[in-house]
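Peer 1: Residues per chain are reported as follows:
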Amino acid sequence: MLVTDEVSLVYPEADRVVTAVDRVSVEIRQGEFVGIMGPSGSGKSSLLYLMSGLKLPTSGEVRYRNRVIHLMSERERMQLRRREFGFVFQQPYLLPYLTALENVLLAEPNNREVYRRALELFEQLGLSHLMNRYPHKLSGGERQRVCVARAMVHQPQIIFADEPTASLDHINGHAVIRLLASYREHGAVVVVTHDPEMLADADRVYSLRDGKLVQPSRVQ
Amino acid sequence: MQTAEKTEAVVPEASVNPLSAWLFFRRNLSRTAPVALVIVLSVVLIGTVVTIIRSIDLTVLTVYGYNRYFLVAVPRDGERIAPEMEKVIRSEPLAKEIYRISVCFTNIRTIFGKFPFVLFGLTQEDMPKVLKLVRMRVVEGRLPREGEAACALSVGIARNRGLKIGDVVLAPGIEDSFAPVPVKLVGLLDGENWFAVIPKEFVQKNYFPPLEEIVVAAPTPELQPELDRRLGEAIDKRQVRLFTYGQLVRELRSSLSNLYLIMNIVIAIVVLVIAIMMGMLSNIFFMQRLPEFALLAAMGYTRGMLLWRVVRETALLVTIGWTVGILLSMGILWGLYWWLFEPRGMLLQPMDWQAYRYTIPVPIAVLLFAAMSVGPRLLTLDPVLVIERKV
Chain L
1 MLVTDEVSLV YPEADRVVTA VDRVSVEIRQ GEFVGIMGPS GSGKSSLLYL MSGLKLPTSG
61 EVRYRNRVIH LMSERERMQL RRREFGFVFQ QPYLLPYLTA LENVLLAEPN NREVYRRALE
121 LFEQLGLSHL MNRYPHKLSG GERQRVCVAR AMVHQPQIIF ADEPTASLDH INGHAVIRLL
181 ASYREHGAVV VVTHDPEMLA DADRVYSLRD GKLVQPSRVQ
Chain D
1 MQTAEKTEAV VPEASVNPLS AWLFFRRNLS RTAPVALVIV LSVVLIGTVV TIIRSIDLTV
61 LTVYGYNRYF LVAVPRDGER IAPEMEKVIR SEPLAKEIYR ISVCFTNIRT IFGKFPFVLF
121 GLTQEDMPKV LKLVRMRVVE GRLPREGEAA CALSVGIARN RGLKIGDVVL APGIEDSFAP
181 VPVKLVGLLD GENWFAVIPK EFVQKNYFPP LEEIVVAAPT PELQPELDRR LGEAIDKRQV
241 RLFTYGQLVR ELRSSLSNLY LIMNIVIAIV VLVIAIMMGM LSNIFFMQRL PEFALLAAMG
301 YTRGMLLWRV VRETALLVTI GWTVGILLSM GILWGLYWWL FEPRGMLLQP MDWQAYRYTI
361 PVPIAVLLFA AMSVGPRLLT LDPVLVIERK V
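Here the protein sequences line up with chains L and D, keeping their order. Under the working numbering, the first residue of the first sequence is numbered 1, with each subsequent residue one higher. Under the working numbering, the first residue of the second sequence is numbered 1, with each subsequent residue one higher.
Just so you know, these hints were derived from the structure itself, not from any lab. All of these numbers come straight from a predicted model, not from anything done at the bench.
DEER-style ranges, computed between Cβ atoms:
| no. | chain 1 | residue 1 | chain 2 | residue 2 | range |
| --- | --- | --- | --- | --- | --- |
| 1 | D | Leu252 | L | Pro96 | 51 to 59 Å |
| 2 | D | Asn283 | L | Pro12 | 26 to 34 Å |
| 3 | L | Gly140 | D | Ile276 | 38 to 46 Å |
Here's a subset of chain D near chain L, in silico, CB distances under 8 Å, partners left out:
| no. | residue |
| --- | --- |
| 4 | Val16 |
| 5 | Asn28 |
| 6 | Pro291 |
| 7 | Ala298 |
We put the CB at the ideal spot given by N, CA and C, even for glycine.
Extracted from the complex, chain D is given alone in its bound form (with noise of 0.2 Å):
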């Protein structure tokens, strides 16, 4: 035992298991290094991409993310809500809260293009109610007053348009958020959402047609898509549109499908490809180490052994692939978001676990790919044969 430990402590770096996994890998850098620098780009790729694409959902969901708070109802046929139509919404028990709001419009900057954002035309008396309906308060400056030519938008809006208090955010010379006379900001909004409040007065007085819309909310959020449904059935659809978060969540998703499905099938190209690619590359690397496994099956060791042994070194190598992918795409990801995203307004997440979900096929096809190519071989294995001519 004394001869033991002197000599052990004289060999400190030899591993009691010679056919670990980690300790492959880290001794065959030459090889193992650039199969998982594959799957880590592979994984960039998917994540990065992905999580962009999944950015213009984000967007949208945001923007209209006041809307889980309640519905608008539009008339269709004139400028305000017919009154039996106004008669059926206050007669729902659900509706506790109920406002008449006239909006107005100015373009964001989004990942997808410039996109509109409302402005709710709101009493003086109501503007405080509904910020609190949509859980927002004002951060800065004020709310506007009625007669003034000003509005509050949420910092998110502030900062995507680049404006502060102070500045113009609609006006004549504006094409794409048109107001008749200049309108200044004048309060900054923070909270849950991104919300934007205009006096009503001065939408009724400077846009036409003069529409009136109506806003309902239920008692509380969790309620409020049980008031949509019930509307959506209560109301005439010939008279009055209801934008609701549900419909817009599904009118989304319906838009987005078509977007997400070629994704889906290069994400599926990507997959494929690679782990065609790491099932060959096994194929050559196992072919350069037939001495080595034609020497441990003469010893003894069996095929499901040897099976086992490709399986946690390739489940290793593709673990480390993907863990660096993963790393390396939240590293590019953030650096985007701080660079590009964030000081334009725009949305991005890039800890988004959904759109790194869409990574999961890479290092699972890249094991089933390699244990397919290499199994068979090692079922055929005459270590004599190998021996005889090569070991």
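Bound-form chain L, shown alone (with noise of 0.2 Å):
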């Protein structure tokens, strides 16, 4: 389903150049648990940056669905990120002027059948306490798990997670990792983390040093 080919970023960083991520090929296919290891620097959020087009590589090609996403325009990689990728990014944050409900439904507004997924995901999660709440009242956890119901409320086929447990504690970091890995029934979920505890339910597992991919990745 999605594909980096020898997909390298580099950019120039004060007074010298800086190799992100260095000739890397992953793949991600329906339905799977993927996970990005490695330690900091390692160049796992960057790798997930080009993979869902948020950044653009310098050599290379990331292929979704076999349509290169840096030589598509600017419009078709926004509706791209906004129709098939679902993100969860470290901290997790919502608009602070609106319920956590209407949060979830910033993935598609005015949309009646997304607003009655939502309710029903709130549900599923057990969160339907909280819908109405607004964020200075959640809980770091809470916040968090509103912001992979807002990834997964438009049914995207891939789920970018960037180290979505860092700021939580164990517990509600099980949570949301299990809520994520729940997603697999409608597509594929991409987790980057350095904690491995986090991807011991994945499919497969890709770790980066320095950029590089450490061979061999684990598959389950």
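Quick one: dock chain against chain with the hints and give me the complex.
Peer 2: Structure, rendered in structure tokens:
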């Protein structure tokens, strides 16, 4: 479904050139829970940005359903991210003046079907009692679960999660990972983390060090 | 579906469109209300000042409103219009009604100080005809009679001077409304204009020099400008001076042009300052909301969509500010009108749309400056940079 082919990301920083991702080739298949692991600065977040079209590669290519992402127009890339992808970031950022439910509806406003699905999701995730709460009334774990709901509600093909458990305690971290893993029934999930424990359930784990893929990657 | 309906029932306040500008406005009142208030105040400032300044125009055009129905020919070289000039006037086909008059003056209060108002000295026979010509009628009392030191005034003038029937209008002791003998108010007139009549023979007998002017009216008020033009060309201006409504308007506009120029400069400065301030505020608010825009951009909202969102939010804000500002201006002006102007018989038009037009640049400039200051930032927004550092 999504393939990176010898993809690299190089950028200048102060007086040096940083190679964040160095000729990495990975594959994400439908229904997979894929982990990307590595220590801080290993390039795992950069790889996720390349895969999701948030960054464009310096060399190599990222193909989604056989279409090269960096050859798409910016509008097409935006549409791809909006319709086909879902995002969960390290910090569970919610718009402070919107309720939890309204934050979830940001994925696709003005859509009754998405609205209905959001209500179902809140029920499934056991968050129904939080729907009308504003973000400042939610705990970190609750906020991140709302972010996961936001990433899922429009039923994307792939959810990209960048260190989704980094700001959470162990219990909440596992709860969020379980939630993400459950999405396999609908599409693929790519999770970036430095905590191997969180990827115990992953179908495939890629390890990165200094921007390079470390072989062999684990496949379950 | 049943589940959805059941759950929807417990979340009535959830908005299906969380990006609606109205939702943003009311959920961020601590930010939006002060900005709207600045717009309200600037609109009130401009709206009220312009309306009050325009009341000068209104006053002069109302005071001389009767001039739309006739022109006045005044001799320059004697006490009467020379016979050959009168012949020219009488031979004009559009000159339907011609009356010989003599005038005296009383002062009225206006927003710009005391202003002379003409009392038309008319014969007993001509008085009702001229009143009909200028669309006035007696609403209280009666018309002054020949041989009487009396006059009839418009209700507006009487209110302006604080007079009622039986009061003295002109007298030896009133410096700005002088007459050798006291002249009493015997009748009140009402109609489309301000007007005042006094017996012609009283003016001729009591004022020096005893000038006699001629009033010339066209068959209809629509034809009056044409008559004014034709007589303006035919008359020898060394012998006769013509007072026409068109000339009055031109002279008024010309004398007020500097005042309007100053007013326009002040308005432009106010608009510019407000717009720059709003642009800077928009920038600050945008920086505070950077994570929000970065998140939306990461989720796939195009820059155009984000800019459109900023424009919609700002447009709503300025529309609310402008509307409240206009309503508040009207409230203030109606208050001023009833409390200050109306009791003194001074003129003010609280619903002067021409004046409110001057406030339109405020919302437009604010919207443009906000879009111009936020737009470039949105175009260069890199969501990853914000996400990595802040989100």
